[in-house]
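Residue numbers (my numbering), protein chains in the order written: chain X, 2 to 174; chain C, 136 to 185.
These aren't lab readings, by the way, just hints derived from the structure by calculation.
Treat the hints with care, since some could be wrong.
[To be verified] Within a straight-line C-alpha distance of at most 20 Å, the following computed PhoX-like cross-link-like pairs (lysine-lysine) qualify: (1) K161(X) to K149(X); (2) K58(X) to K103(X); (3) K71(X) to K149(X); (4) K166(C) to K121(X); (5) K169(C) to K103(X); (6) K120(X) to K169(C); (7) K149(X) to K183(C); (8) K161(X) to K183(C).
Here the structure is a predicted model, which is why all the values come from computation and not from measurement.
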Amino acid sequence: MHNPYSPFNDISRIAGNVDLSAFDCGDPDFNDYIMNEAYIDQQENFSVTYIGFIGGKPAAFLSLVAAAYKTASLDRTELGKYSYRSVPAVKIARVAVDNAFKGKGCGRVLIEYAFYIAKKVRQLVGCRLVVTDALPERIGWYEGFGFKLSSQHVKAENRKNYPMHATLLPDGR
Amino acid sequence: MLTAMARPVELVTTLEGEDARRFLEELEHPKRNKALERTIARARRFEKAK
Numbered sequence: 002m003h004n005p006y007s008p009f010n011d012i013s014r015i016a017g018n019v020d021l022s023a024f025d026c027g028d029p030d031f032n033d034y035i036m037n038e039a040y041i042d043q044q045e046n047f048s049v050t051y052i053g054f055i056g057g058k059p060a061a062f063l064s065l066v067a068a069a070y071k072t073a074s075l076d077r078t079e080l081g082k083y084s085y086r087s088v089p090a091v092k093i094a095r096v097a098v099d100n101a102f103k104g105k106g107c108g109r110v111l112i113e114y115a116f117y118i119a120k121k122v123r124q125l126v127g128c129r130l131v132v133t134d135a136l137p138e139r140i141g142w143y144e145g146f147g148f149k150l151s152s153q154h155v156k157a158e159n160r161k162n163y164p165m166h167a168t169l170l171p172d173g174r
Numbered sequence: 136m137l138t139a140m141a142r143p144v145e146l147v148t149t150l151e152g153e154d155a156r157r158f159l160e161e162l163e164h165p166k167r168n169k170a171l172e173r174t175i176a177r178a179r180r181f182e183k184a185k
């Protein structure tokens with residue numbers, strides 16, 4: 002699928018025949034994940050990884066998983082009109098851009114793609130949130146997409162990751 | 136308070152106390168979020184590109 006506003010020629014699910022050996026986003030853990038784990042996770046139905054291609058080369062990737070936010074410690078009367086203790090979500094598990102393709106808007110477009118997928122998921126099984134665990138230096142970047150920190154306390158906790166969420170409105174709004 | 140997770144990716148985030156109440160309030164009565172509106176509008180480009 003080609004979006005004329007996207008730097009990618011194509012975005013597609015990771016396949017076994019994609020050569021990712023040269024992918025380098027600068028983070029060894031993410032490099033290892035895309036080269037050695039992402040396709041297996043997808044085959045095992047734990048996640049789906051989308052690769053953005055530029056000129057036939059894998060330029061960036063996005064891994065999504067089904068997830069949930071739970072509201073613990075509230076009694077039933079506090080749950081409001083939504084009497085569910087869990088809210089279904091699509092989670093941005095990992096997103097990374099190859100160093101050679103940074104500065105082209107690859108990351109931005111993959112986040113937008115995550116919302117496109119979340120809207121499709123919503124039509125199939127229900128989904129109310131897009132969520133992620135943001136690295137500290139990425140909080141502002143995610144806020145630019147409309148994500149909010151899920152806890153007002155976490156910033157004081159010096160965490161490695163900061164849960165953030167964006168709420169999809171009902172009825173396609 | 137919030138119990139959440141680092142890598143490896145966890146699938147469930149648990150919100151407690153005031154965080155949970157704030158989250159549910161936002162779910163029930165969402166405020167306008169222009170950045171999110173812009174993101175969703177851009178996501179629609181993929182629908183049109185199909």
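Comparing the hints with the structure gives:
Only pairs whose Cα atoms come within 20 Å are accepted, and K161(X) paired with K149(X) is accepted, the gap being roughly 17 Å. As the CA atoms of K58(X) and K103(X) are separated by approximately 13 Å, the hinted pair is consistent with the 20 Å bound. Note on K71(X) and K149(X): the hinted pairing holds, with a Cα-Cα distance of about 16 Å set against a maximum of 20 Å. Simply put, K166(C) and K121(X) have alpha-carbon atoms about 23 Å apart, too far for the 20 Å limit, and the pair is violated.
Straight-line distance between C-alpha atoms of K169(C) and K103(X) comes to about 26 Å, which puts the hinted pair past the 20 Å bound. With a C-alpha separation of about 18 Å, the suggested pair K120(X) and K169(C) falls inside the 20 Å cut-off, and the hint holds. In summary, the hint linking K149(X) to K183(C) is not supported, as the alpha carbons are separated by about 28 Å, beyond the 20 Å threshold. This hinted pair does not check out: K161(X) and K183(C) have alpha carbons roughly 37 Å apart, beyond 20 Å.
The structure does not agree with the numbered hints 4, 5, 7 and 8 stated previously, though it agrees with the rest.
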